[in-house]
Amino acid sequence: LFEIIEKTPKTGLKIVVKLAEMIGERLRNMNNEFSRLRAELESVKQSKEAGNEKANSKKKKSIS
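If you're matching positions, the sequence shown starts at 1004 in my numbering and goes up one per residue.
Calculated from the structure, these hints are not laboratory results.
Be careful, since some hints might not be right.
[Unchecked claim] Pairs of lysine-lysine residues, derived as BS3-like cross-links and limited to a Cα-Cα distance of at most 30 Å, are as follows: (1) 1051 x 1061; (2) 1021 x 1010; (3) 1061 x 1048.
From just these sequences and the hints, can you work out the full model?
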(Lines of atoms letter the chains of each structure in order from A and count residues from 1; the text may use other names and numbers.)
(Lines give C-alpha, C1' and ligand atoms only; values in the text may rest on other atoms or scores of the structure.)
Protein backbone atom coordinates (compact mmCIF):
# COMPACT_ATOMS: atom_id res chain seq x y z
CA LEU A 1 0.00 0.00 0.00
CA PHE A 2 2.79 2.43 0.90
CA GLU A 3 4.46 1.65 -2.42
CA ILE A 4 1.25 2.45 -4.30
CA ILE A 5 0.88 5.70 -2.35
CA GLU A 6 4.45 6.68 -3.23
CA LYS A 7 4.19 5.76 -6.92
CA THR A 8 0.64 6.95 -7.59
CA PRO A 9 -0.64 9.14 -4.75
CA LYS A 10 -4.06 9.62 -6.35
CA THR A 11 -4.68 5.87 -6.55
CA GLY A 12 -3.22 5.34 -3.10
CA LEU A 13 -5.55 7.97 -1.67
CA LYS A 14 -8.56 6.31 -3.30
CA ILE A 15 -7.58 2.99 -1.72
CA VAL A 16 -7.04 4.54 1.71
CA VAL A 17 -10.36 6.40 1.56
CA LYS A 18 -12.20 3.23 0.52
CA LEU A 19 -10.56 1.28 3.34
CA ALA A 20 -11.56 4.01 5.81
CA GLU A 21 -15.16 3.86 4.55
CA MET A 22 -15.23 0.08 4.92
CA ILE A 23 -13.76 0.19 8.42
CA GLY A 24 -16.22 2.93 9.41
CA GLU A 25 -19.18 0.94 8.09
CA ARG A 26 -18.07 -2.20 9.89
CA LEU A 27 -17.54 -0.26 13.10
CA ARG A 28 -21.04 1.24 12.86
CA ASN A 29 -22.51 -2.22 12.23
CA MET A 30 -20.64 -3.69 15.19
CA ASN A 31 -21.75 -0.80 17.39
CA ASN A 32 -25.38 -1.33 16.36
CA GLU A 33 -25.10 -5.06 17.05
CA PHE A 34 -23.47 -4.38 20.42
CA SER A 35 -26.24 -1.94 21.36
CA ARG A 36 -28.90 -4.46 20.32
CA LEU A 37 -27.29 -7.23 22.33
CA ARG A 38 -26.85 -4.97 25.35
CA ALA A 39 -30.56 -4.07 25.24
CA GLU A 40 -31.47 -7.74 24.90
CA LEU A 41 -29.27 -8.64 27.86
CA GLU A 42 -30.84 -5.89 29.96
CA SER A 43 -34.30 -7.18 29.04
CA VAL A 44 -33.34 -10.72 30.07
CA LYS A 45 -31.93 -9.43 33.37
CA GLN A 46 -35.13 -7.51 34.10
CA SER A 47 -37.27 -10.54 33.26
CA LYS A 48 -35.15 -12.72 35.52
CA GLU A 49 -35.34 -10.19 38.37
CA ALA A 50 -39.12 -9.95 37.98
CA GLY A 51 -39.35 -13.75 38.07
CA ASN A 52 -37.20 -13.88 41.20
CA GLU A 53 -39.38 -11.26 42.90
CA LYS A 54 -42.52 -13.28 42.13
CA ALA A 55 -40.92 -16.46 43.44
CA ASN A 56 -39.81 -14.73 46.64
CA SER A 57 -43.29 -13.26 47.09
CA LYS A 58 -44.88 -16.72 46.73
CA LYS A 59 -42.43 -18.18 49.25
CA LYS A 60 -43.27 -15.49 51.78
CA LYS A 61 -47.02 -16.12 51.34
CA SER A 62 -46.63 -19.88 51.79
CA ILE A 63 -44.56 -19.37 54.95
CA SER A 64 -47.17 -17.04 56.49
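Tested hints:
no., hint, verdict
1, 1051 x 1061, "holds (15 Å)"
2, 1021 x 1010, "holds (18 Å)"
3, 1061 x 1048, "holds (20 Å)"
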